[in-house]
Amino acid sequence: MDLSLSTRTEGDRTIVVVGGEIDVYTAPKLREQLIDLVSSGAYDLVVDMESVDFLDSTGLGVLVGGLKRVRAHEGSLRLVCTQERILKIFRITGLTKVFPIHASVEEAVAATD
Amino acid sequence: MAIVELRFGALPAHVRTARLVAAAVARRSGVDDGLIDEVKLAVGEACARALALHEAHAPLEQVIVELSESPSEFVVTVRDCGPPDAAVQIPAARTEDMSALLESAIGADDGAASSAPLQLALIAGLVDELSVDRDGDHTNVRMRWSLNHVAHA
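Protein sequences appear in the order of chains A and B. Under the numbering used here, residues 1 to 113 are what the first sequence spells out, in order. Under the numbering used here, residues 1 to 153 are what the second sequence spells out, in order.
Worth flagging that the hints you see were computed from the coordinates, not collected in a lab. Beta carbons are placed, not taken as given, at the ideal position from N, Cα and C, and that holds for glycine. Take these hints with a grain of salt, some might be off.
[Unchecked claim] Pairwise CB distance ranges, derived in the manner of DEER restraints:
| no. | chain 1 | residue 1 | chain 2 | residue 2 | range |
| --- | --- | --- | --- | --- | --- |
| 1 | B | 55 | A | 11 | 15 to 25 Å |
| 2 | B | 148 | A | 103 | 28 to 38 Å |
| 3 | B | 85 | A | 29 | 37 to 47 Å |
| 4 | B | 24 | A | 40 | 34 to 44 Å |
| 5 | B | 72 | A | 51 | 29 to 39 Å |
| 6 | A | 103 | B | 11 | 34 to 44 Å |
| 7 | B | 134 | A | 40 | 40 to 50 Å |
| 8 | A | 112 | B | 2 | 46 to 56 Å |
| 9 | A | 39 | B | 70 | 47 to 57 Å |
| 10 | B | 20 | A | 84 | 16 to 26 Å |
| 11 | B | 28 | A | 84 | 16 to 26 Å |
| 12 | A | 83 | B | 11 | 22 to 32 Å |
| 13 | B | 136 | A | 74 | 48 to 58 Å |
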């Protein structure tokens, strides 16, 4: 399965809905999307990963790169993920301490910390 | 002896094929269903590492993936033609180190790639045993999973 991407806005947040596999082949598409959003002034991002089937370290690198970009504009990058197999990768790499991870888009949009 | 051998040219799209083949062979070899995702991720990371080395140093060479089984283990070896100094020591899979490895792997202005140390550290967290050794002009990343018991939570 390839990568699918769509975006929408909710209030001052931009929701990026990601589906499929984020790997060494598809991650550049996600990176491009995040760069485009930040370039267009969207600094508060919510990446919805509920439909992601696979994530590797290249994908993690793209998410960390996105976080660095929004932070440079005092923005935020929140993740939505409840899938254990994806959460496990964030735990193994220690990135649960780096990203706020929420159980739903609603929760991520409402979060202000 | 390998029960399945896969060779692919240095294109990112082929890493997915290698993952899927590894998952299918692992399942058939009796690897616990709960570990199949870990096999896919570990093999994907090893192939992505090999791919990056080939892109930089040996773009015309093929990456070789050997999958083998015995009654007690399932073994995947990913063989690359990277330079000798790519046969690095395996970093400790401690999460604080990995987070730092990942942070340091992200270029300040391109926010791009991951790094070989990070990939090896992640693999180490997914397998029962990981070894990296040099064999002539090749580096072998060997990943082993025990069969008949679940070694990881």
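Hints and how they fare:
1. B:55 x A:11: 15 to 25 Å: violated (42 Å)
2. B:148 x A:103: 28 to 38 Å: holds (36 Å)
3. B:85 x A:29: 37 to 47 Å: About 32 Å separates the Cβ atoms of residue 85 (chain B) and residue 29 (chain A), which means 37 to 47 Å is violated.
4. B:24 x A:40: 34 to 44 Å: holds (42 Å)
5. B:72 x A:51: 29 to 39 Å: With Cβ atoms ~37 Å apart, the hint holds.
6. A:103 x B:11: 34 to 44 Å: Holds, since residue 103 (chain A) and residue 11 (chain B) (Cβ atoms, about 37 Å apart) stay within the stated range.
7. B:134 x A:40: 40 to 50 Å: holds (47 Å)
8. A:112 x B:2: 46 to 56 Å: holds (54 Å)
9. A:39 x B:70: 47 to 57 Å: holds (53 Å)
10. B:20 x A:84: 16 to 26 Å: Between residue 20 (chain B) and residue 84 (chain A), where Cβ atoms are some 21 Å apart, the hint holds.
11. B:28 x A:84: 16 to 26 Å: Check passed, 24 Å falls within 16 to 26 Å.
12. A:83 x B:11: 22 to 32 Å: Check passed, 28 Å falls within 22 to 32 Å.
13. B:136 x A:74: 48 to 58 Å: holds (53 Å)
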